[in-house]
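K.L.:
Residue numbers (our numbering), protein chains in the order written: chain A, 1274 to 1576; chain B, 3 to 296.
Hints were generated in silico from the structure; no laboratory data involved. Do not rely on the hints blindly, as some may be mistaken.
[Unchecked claim] Below, a list of computed lysine to any residue pairs in the SDA-like style, where the Cα atoms sit at most 25 Å apart:
#, chain 1, residue 1, chain 2, residue 2
1, A, Lys1469, B, Arg14
2, B, Lys53, B, Val38
3, B, Lys154, A, Leu1306
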Amino acid sequence: MKRRITSSDSVYVIVVLTPIILLIALFIYYPALDTFGQSLTNRNLRIRRPPKPVGAANYIKLLEDEEFWEVTGRSFKVVIITLPLEMAVAFGIAMLLNQRFPGRGIMRTLTILPWMLPGVVNGFLWGWLLNGEYGALNGFLYQFGLISEYQYWLRAPESQIFWVTVVQTWTRYAFPTIILLAGLQSIPEDLFDAAKVDGASAFARVRRITFPLLLPSFGIALVVEFIAAFQIFDVVWTLTAGSSAGGSLNPFTKTLMLYNYELVFRDLRVGLGAALSYIILAMSLFVGMIFVWRVYNQGVQEA
Amino acid sequence: MNLGARGQERLRLAVIYACCAIVLIWALAPIYWVLVSSVSTRQELYARPYKIWFPQNPTLESYRTIFTQGAKFRDGGFSPTADLMSSGLRNSVIISVASAGIVTLMATGAGYAFARMNFAGKNIIFLLIMLMLPLPIWVSLIALFFLMSQFKLIDTLLGLILIFVTLLLPLSVWMMTTFVRDIPSEIQDAARVDGADRWRLVFSIVLPLARPGMVAVFLVGMLTTWNNFLIPLIFSRTDDSQPLTIVLTLFIGQYEVAWEDMSAAAVVTMLPPFLMALFFQRYLVRGLTMGAVK
Chain A
1274 MKRRITSSDS VYVIVVLTPI ILLIALFIYY PALDTFGQSL TNRNLRIRRP
1324 PKPVGAANYI KLLEDEEFWE VTGRSFKVVI ITLPLEMAVA FGIAMLLNQR
1374 FPGRGIMRTL TILPWMLPGV VNGFLWGWLL NGEYGALNGF LYQFGLISEY
1424 QYWLRAPESQ IFWVTVVQTW TRYAFPTIIL LAGLQSIPED LFDAAKVDGA
1474 SAFARVRRIT FPLLLPSFGI ALVVEFIAAF QIFDVVWTLT AGSSAGGSLN
1524 PFTKTLMLYN YELVFRDLRV GLGAALSYII LAMSLFVGMI FVWRVYNQGV
1574 QEA
Chain B
3 MNLGARGQER LRLAVIYACC AIVLIWALAP IYWVLVSSVS TRQELYARPY
53 KIWFPQNPTL ESYRTIFTQG AKFRDGGFSP TADLMSSGLR NSVIISVASA
103 GIVTLMATGA GYAFARMNFA GKNIIFLLIM LMLPLPIWVS LIALFFLMSQ
153 FKLIDTLLGL ILIFVTLLLP LSVWMMTTFV RDIPSEIQDA ARVDGADRWR
203 LVFSIVLPLA RPGMVAVFLV GMLTTWNNFL IPLIFSRTDD SQPLTIVLTL
253 FIGQYEVAWE DMSAAAVVTM LPPFLMALFF QRYLVRGLTM GAVK
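This is chain A alone, in the form it adopts within the complex (with noise of 0.2 Å):
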């Protein structure tokens, strides 16, 4: 049936979408043009001075600089970390959770649980259990004589940047998880029982049947996570970023977005913060691309 269009058609669109064009136009668009422009600015809070146009500079001044490349390649290195972890700990869980056994709804509930939690809060227990004097994990590995003296698990800067990897693990692999369960549960029993009769393995059954018809699902997992992690933040200031407010930033642990709000916020170096946001827009936009490119390009392939 097709529907005409009434006035108070129109008065009801006018009246439900104008404010959130406002909103959005007002509080998204707006300042991102306007981010844009100032990274073309020389605008430094510190210094009083109105702000000139400097062109690309900023742009020029940060691809030239060795911190820059120092945090991106750490960004990368979370990423890279903590994809596989993160995979490996959601495709095991998924395929357990995809069992039937009595008390899987629960097991599913409780699964899921740290996703939902606060990062700060996350990257604070984390930092308590690690903790050098005083922490569970040195407890327990101790009781248990697998460690002779308690441990200082935060000390190194490697190690800083493992745990973190490991509690953005934490934090994050029920999504993957919930993901790769609805593929598992998606794929027919029958072809399981085919292989079976036809002698395969269990093992060959997961990798040539479970495998590739989850890698869409790893696909979707993937990109997102990617995202996730290329943008850490609230874990690492509770866990190493050391930071009661005012104080600077662990050197060790700084990611590109921790960097970003210590050149704008700290160093109150607006242009050039905002020419790193959108380096960073740039980077993310690749990366991105690139994940759902392969994903996809091995799925047309394999299939």
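Fit chain B to the known structure of chain A by using the hints.
P.N.:
Coordinates of chain B only, in the frame set by chain A:
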């Protein structure tokens, strides 16, 4: 070795439950530890080597401390206030309930328009709302900070609520649009023929049917707002608007460390999301996976 069908089933369940135990330790051990810490006495908690996995003298002293004495152990440079915790709790509740409530109303109205009506510019408006989703937030945040200063909205609850409503819009509008689209349209068409206008249609026919969708939008909005840290980190300054996530980080002082009190603050901060995750998980998962899972 032949176990027989029953034996095999038992073995299968035994393996499954063993795996479940490992997964539960991984998922819940950090949460359990902070709960234990928050009700332990100092002597027990700081025992070395630590062996007290069940507090022998559970106490709520730490909770009393954080609400009555505030951040006595807080880093220097701030004026410590005894009611930091209660103001944080109040701010968190106001911000998350108001943001979720407002965005639910807006998304329901818009969701109906996108799902059931035709009007000029429909697709482009929908696209502009959805394009926010992949946009890294920093691109907007920097200039938004200066905009909010001009509006005198820094460190106000209103400012935070406006930002959260905006950030929640794409997911919420998307959820309500798909939800309204799934409501059978026969009843609505019949009402249209009877001459009901859009407002009556939405209020008397669509709203009651869309209630589960609205509940999901509200819960997702409340959870994500409650958990957010970055927005108040930038736009809050004092206890006028600082929510619990910020208060918690202020409690993590560098000089005098009181882990039992910080644990209590962490438990208070995570309690509402924790309870929501236990009791409303189906709604939350549906929203947070954006329909990737029904």
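K.L.:
For each hint, tell me whether it holds in the structure or not.
P.N.:
Cross-check of the supplied hints:
1. Distance hint between Lys1469/A and Arg14/B is fulfilled; the C-alpha atoms sit about 18 Å from each other, no more than 25 Å.
2. For the hint pairing Lys53/B with Val38/B, the CA-to-CA distance comes to about 12 Å; that is within 25 Å, so the pair holds.
3. Note on Lys154/B and Leu1306/A: the hinted pairing holds, with a Cα-Cα distance of about 21 Å set against a maximum of 25 Å.
In this structure, none of the earlier numbered hints is contradicted; all agree with it.
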